[in-house]
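Using the working numbering, you'd call the opening residue of the sequence shown number 1 and step up by one each time.
Honestly, I wouldn't trust all of these hints.
Claimed, not checked - Now the in silico label distances, taken between C-beta atoms and shown as ranges:
1. 164 / 86: 39 to 47 Å
2. 115 / 71: 39 to 47 Å
3. 72 / 150: 44 to 52 Å
4. 58 / 126: 33 to 41 Å
5. 41 / 139: 43 to 51 Å
Just so you know, these hints were derived from the structure itself, not from any lab.
Remember, predicted model here, so these are calculated numbers, not experimental data.
C-beta atoms are modelled at their ideal positions from N, C-alpha and C, and glycine is treated no differently.
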Amino acid sequence: MSEDKQQKTYRGRIAPTPSGYLHEGHAGTFKVAWSRARDRNGNIVYRNDDLDKMRCSEEFSRAAMQDLKSLTINWDEGPDRGGKYGPYNQSERADKYVAFLLKLATDGKIYPCEKSRKEIQAFGNKATVGNEYLFPQELRPVQKQYEKVELNLNTNWRFRTQWSEKVSFVDGRKGKQCFEIGKDFADFLVWRKDGFASYELATVVDDYLMNITEIVRGEDLLISSARQCLVFDSLTLLRPDFYHCELLRDETGRKLSKSK
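Take these sequences, add in the hints, and give me the full structure.
Laid out in structure tokens, this is it:
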């Protein structure tokens with residue numbers, strides 16, 4: 001942990017996406033997040049990552065909080081407790097995301113993109129891990145800075161990466177992690193055409209504004225952490241620390257999912 005972060009009170013967070021009921025894997029990760037905060041005499045924030053209006057529901061939000069409380073996991077700030085860094089529902093924080101999106105646009109770090117999934121897949125560039133198709137450089141527009149009047153919130157906006165650049169960070173459990181742009185990931189969405197911030201942008205904005213000093217999450221989100229490091233850096237924000245938990249898998253070796 002850097003000297004600057006050592007001088008701060010530890011602030012961790014529990015941030016479920018209420019698109020289904022929690023499973024044991026979620027509970028384990030949130031227990032680690034809670035324990036790391038309490039062991040360091042720090043604070044834990046509960047944030048409801050309910051950006052996806054189509055999949056998230058009030059029923060799942062209530063169930064998640066009840067389940068975690070039944071496991072004696074508590075928090076110092078959240079939708080049910082309030083706090084000076086609220087609101088704690090992402091669905092109520094849209095104005096904050098727009099402000100940071102505008103900063104990226106005026107700095108020429110992002111661009112509007114209406115390319116279809118079929119157009120992207122036609123180039124056949126797959127990430128080294130998983131089935132994700134990488135957004136090809138050939139489909140990018142010429143780099144430019146966008147004025148506020150050009151910030152169309154009803155189209156996709158992508159973050160412009162630098163191919164072959166390496167992104168690295170030190171993970172609290174797994175040690176140094178390094179990813180190469182153009183192999184592991186490429187240009188990614190920071191805003192969706194349905195008018196909402198993407199996970200990558202919203203998470204960066206909220207973790208910064210809520211003064212989160214360490215992000216605890218599952219190791220299936222390592223690529224997301226690398227992407228978010230780029231967003232933190234582009235906005236000249238201090239990166240938090242990272243701790244990626246081992247995934248809990250079923251009897252076939254697949255990670256647990258909400259749908260099952």
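For this session: Mind listing which of the numbered hints don't hold for this structure, in increasing order?
Result: Those not satisfied: there are none.
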